[in-house]
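Residue numbers (mature numbering (1 follows the signal peptide of the UniProt record, and there is no 0)): -19 to -1, 1 to 339.
Because the hints were derived from the structure by calculation, they are not lab data.
Please note that a few of the clues may not be correct.
What the hints assert, rightly or not - Beta-carbon label-pair distances, calculated as ranges:
no. : residue 1 : residue 2 : range
1   : Gly174    : Glu63     : 42 to 52 angstroms
2   : Glu19     : Gly185    : 19 to 29 angstroms
3   : Glu78     : Ala130    : 44 to 54 angstroms
4   : Ala169    : Gln209    : 34 to 44 angstroms
5   : Arg142    : Asp216    : 36 to 46 angstroms
6   : Glu78     : Asp166    : 37 to 47 angstroms
7   : Arg180    : Ala26     : 52 to 62 angstroms
8   : Glu21     : Asp171    : 23 to 33 angstroms
9   : Asp51     : Gln209    : 13 to 23 angstroms
Idealized CB from N, CA, C, for every residue including glycine.
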Amino acid sequence: MRALSLLLLVLALVGNTQADESGYLDVGIVVFDPGIPEDESTHSALEIFPRIREAEAQYLPVTLRRELVDSGEWGVVRVVPEAGPLSELTVEARMLESSGIRQRIQFTARDATGRLWLSSQYALEFSDTAITASGIEEPYRNMYQQVAADLLSFRRGLDARSLGEIRQVALMRYAYSLSPEAFADYLATDATGRYQLQRLPAQGDSMIERVKRIRNQEYLFIDNVDEQYGELHDDMASTYRLWLQYDREQSLYSEDYEMRAANRDKQGPRGSFSAMQQSYNAYRNFRIQEQDLDELALGFNNELEPTIVETSGRVFRLTGTLDSQYTEWRGILREIFAIETGFPVNSSATKNFSDPHE
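Please put together the full structure from these sequences, using the hints given.
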């Protein structure tokens, strides 16, 4: 009987794969961990400006998202406030260093089955070629292109059956997050923490159709969240790039003033009024850009306009930050599912199949 069940499971996975020949997976890029030490006394020595780092943590995921989208090799790619069972592939990152000289980030990627795709540090020096006649380009873009290339290389190493399994596990993990009581016996974890399908719902099963409808409602909301992250990125772009440029100039100025003085025609001898004026102007511009970036970060973290959403014939008004609105919306969707199916929402059990590697 067990052999027959496994055979039916394989056939279902193959059928699902044939229905989606693209082999593409939906990707969720979690807002980066800014990597800010709790000990505030270390911030100055590490050259960390907390508000700027927090803004970067929301800006940089969009840079990676656009690299994945531009490749044309993925399904829907979204920037999300937190990791969860919604995505078929989840990418997380912790910022280790970010300045006008160098950027270093730890990236981790896992698919819905718990399979580890990526766990590496990426680093890149600021490139002078990023400064063009029209201004400064993305100085660390090559690093995000490399991350995108490594993710694609791993995906291409998976066969159609593995990709189909990832999609099915993602769906069942999402179903479990809605109702552990109804879907607990569809998944199991092995000794390594990887998820394995035990069985699949019948074709046209009304319960799983409700799950898909609820998931689509969450997709619509998170698409709105992703759009707002994109708008933040575009609003910050010019100020952020200028900040990196000025930060780089200040670092180089401090490290090797003599070389800079010799190579800049506009700067006079060391100690002259011309030299001091240029130093002051550079510092003043640096502070202006820092303050502009601070304001953008504060504006994004403050209360947003309420979001009005409708589902199941009801209208909901969500308030607060993007994070809090998303959390509230997920709670609403789970309550709706519980009302429709009669299964209670067990929030304490939800994490079992939602966040396996915490």
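Structure-based check of all given hints:
Against the hinted window of 42 to 52 angstroms, the Cβ-Cβ separation of Gly174 and Glu63 comes to about 20 angstroms, which falls outside the hint. Between Glu19 and Gly185 the beta carbons are some 52 angstroms apart, a value that contradicts the proposed interval 19 to 29 angstroms. With their beta carbons about 22 angstroms apart, Glu78 and Ala130 fall outside the hinted range of 44 to 54 angstroms. Judged by the Cβ atoms, the range 34 to 44 angstroms given for Ala169 and Gln209 holds: they are separated by roughly 37 angstroms.
Between Arg142 and Asp216 the CB atoms are about 43 angstroms apart, so this pair conforms to the stated range of 36 to 46 angstroms. For Glu78 and Asp166, the Cβ-Cβ distance of about 46 angstroms falls inside the hinted range of 37 to 47 angstroms, so the restraint holds. Separated by about 56 angstroms at the C-beta atoms, Arg180 and Ala26 satisfy the suggested range of 52 to 62 angstroms. At about 43 angstroms, the CB distance of Glu21 to Asp171 disagrees with the hint of 23 to 33 angstroms.
For the hinted restraint 13 to 23 angstroms between Asp51 and Gln209, the CB-CB distance of approximately 20 angstroms keeps it satisfied.
When the structure is compared with the earlier hints, violations turn up for hints 1, 2, 3, 8 and for no others.
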